[in-house]
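J.: Take the given structure of chain A and dock chain B to it, following the hints.
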Amino acid sequence: MDDRERERLRLTRVVGKLLLHRSFRDALPPLREDGSRPFVVGLPGDTLRQIAERVAALGGDAHLIVMTPTHRQGTERVQVLRITEGENKPLSDLDASYESPVSEDSTLGMLMEAIRVDQSFYVYPTETVISFISDSLQPIPA
Amino acid sequence: MGRSQHDDAAQQGEPAALPGVWEPPSRDECQQEQVYDSSLEEPDDILRIRMLFDLHDNLVDFAIVLMTGPTGAKSEVARFDIRHTGLHVHWFREGGRELRRQEIMQVRTLPEVQAAYNDALDRMMDNLAEYKRRWRHG
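Read top to bottom, the protein sequences are chains A and B.
Using the working numbering, you'd call the opening residue of the first sequence number 1 and step up by one each time.
Using the working numbering, you'd call the opening residue of the second sequence number 1001 and step up by one each time.
Extracted from the complex, chain A is given alone in its bound form (with noise of 0.2 angstroms):
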């Protein structure tokens, strides 16, 4: 297991851990019929499509957290976004208002930089639509 594996594990321990927070649970909906709430944790280096091939073993529809340590001890900025598998259309066809075209080549951290909340960017040709719902700080479980 390589470092970037290990942080991602160590990180997925953080997320089990805040999940007895009512203000994160809060942040992830159920996003299965059955209610569940599948989700990925991101690292900045990972490219979109390594999180897309991981959306895809969770059924093509999670949220992904990306964790960010702060200035504020005892707190890390959590930010949560939704990955969905979509449907094949041509660039063309984007709706530019909300749909900007990134390429599966970038990574988390170069869109994390460029993406607002509410906003949404379509992964070519992954097909995937990454939108941000949410961004806030937490506390860090010990």
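Note that these hints are calculated values from the structure, not bench results.
One or more hints might be untrue.
[What the hints assert, rightly or not] Straight-line alpha carbon distances no greater than 20 angstroms define the calculated DMTMM-like cross-link-like pairs of lysine to aspartate or glutamate that follow: (1) Lys17(A) x Asp1054(B); (2) Lys17(A) x Glu76(A); (3) Lys1074(B) x Glu33(A); (4) Lys1074(B) x Glu1094(B); (5) Lys17(A) x Asp1122(B); (6) Lys17(A) x Asp1057(B); (7) Lys1074(B) x Glu1041(B); (8) Lys1074(B) x Asp1044(B); (9) Lys17(A) x Asp1126(B); (10) Lys1074(B) x Asp34(A); (11) Lys1074(B) x Asp61(A); (12) Lys1074(B) x Glu53(A); (13) Lys17(A) x Glu1112(B); (14) Lys17(A) x Glu1033(B); (15) Lys17(A) x Asp1119(B); (16) Lys1132(B) x Asp2(A); (17) Lys1132(B) x Glu5(A).
[Unchecked claim] Partial list, derived from the structure: chain B residues whose beta carbon lies under 10 angstroms from chain A: (18) Gln1034; (19) Ile1049; (20) Asp1122.
Model, not experiment: these values are computed from the prediction.
Using N, Cα and C, we set each Cβ at its ideal position, and we do this for glycine too.
T.: Below, chain B without anything else, positioned relative to chain A:
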């Protein structure tokens, strides 16, 4: 979660509930069960967290499960829960047979449920590779 997991446990020969061991309140005193699935390093592996909160938002029951296999046919590799005897982990072998049941700590009070959850999560994340190895090779 409670009822189905309870029934599953009974079918797998769970020991009878020990006196004083934590029992979650009835379902009408709880919120709807919440289930979270996270991807792991291997594409077929999933960490599933099942949580039950009471109406005051206290964690009253949980299961933390490592699963593997293709979508729609996942099988359990290891499962932590607190039913019947307190916090324990089930180790499974490929094919579904239980290899081992390991008791970890008693759970008798509400605060101990949350402590058990944190402990179970740490143990699961620390031992993912070992659970997987035992699932494959016994």
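J.: Work down the list of hints and note, for each, if the structure agrees.
T.: Structure-based check of all given hints:
{"no.": "1", "hint": "Lys17(A) x Asp1054(B)", "verdict": "holds, 17 angstroms"}
{"no.": "2", "hint": "Lys17(A) x Glu76(A)", "verdict": "holds, 13 angstroms"}
{"no.": "3", "hint": "Lys1074(B) x Glu33(A)", "verdict": "holds, 18 angstroms"}
{"no.": "4", "hint": "Lys1074(B) x Glu1094(B)", "verdict": "holds, 11 angstroms"}
{"no.": "5", "hint": "Lys17(A) x Asp1122(B)", "verdict": "holds, 9 angstroms"}
{"no.": "6", "hint": "Lys17(A) x Asp1057(B)", "verdict": "holds, 15 angstroms"}
{"no.": "7", "hint": "Lys1074(B) x Glu1041(B)", "verdict": "holds, 16 angstroms"}
{"no.": "8", "hint": "Lys1074(B) x Asp1044(B)", "verdict": "holds, 8 angstroms"}
{"no.": "9", "hint": "Lys17(A) x Asp1126(B)", "verdict": "holds, 14 angstroms"}
{"no.": "10", "hint": "Lys1074(B) x Asp34(A)", "verdict": "holds, 16 angstroms"}
{"no.": "11", "hint": "Lys1074(B) x Asp61(A)", "verdict": "holds, 18 angstroms"}
{"no.": "12", "hint": "Lys1074(B) x Glu53(A)", "verdict": "holds, 18 angstroms"}
{"no.": "13", "hint": "Lys17(A) x Glu1112(B)", "verdict": "holds, 15 angstroms"}
{"no.": "14", "hint": "Lys17(A) x Glu1033(B)", "verdict": "holds, 17 angstroms"}
{"no.": "15", "hint": "Lys17(A) x Asp1119(B)", "verdict": "holds, 10 angstroms"}
{"no.": "16", "hint": "Lys1132(B) x Asp2(A)", "verdict": "holds, 18 angstroms"}
{"no.": "17", "hint": "Lys1132(B) x Glu5(A)", "verdict": "holds, 16 angstroms"}
{"no.": "18", "hint": "Gln1034", "verdict": "holds, 7 angstroms"}
{"no.": "19", "hint": "Ile1049", "verdict": "holds, 6 angstroms"}
{"no.": "20", "hint": "Asp1122", "verdict": "holds, 7 angstroms"}
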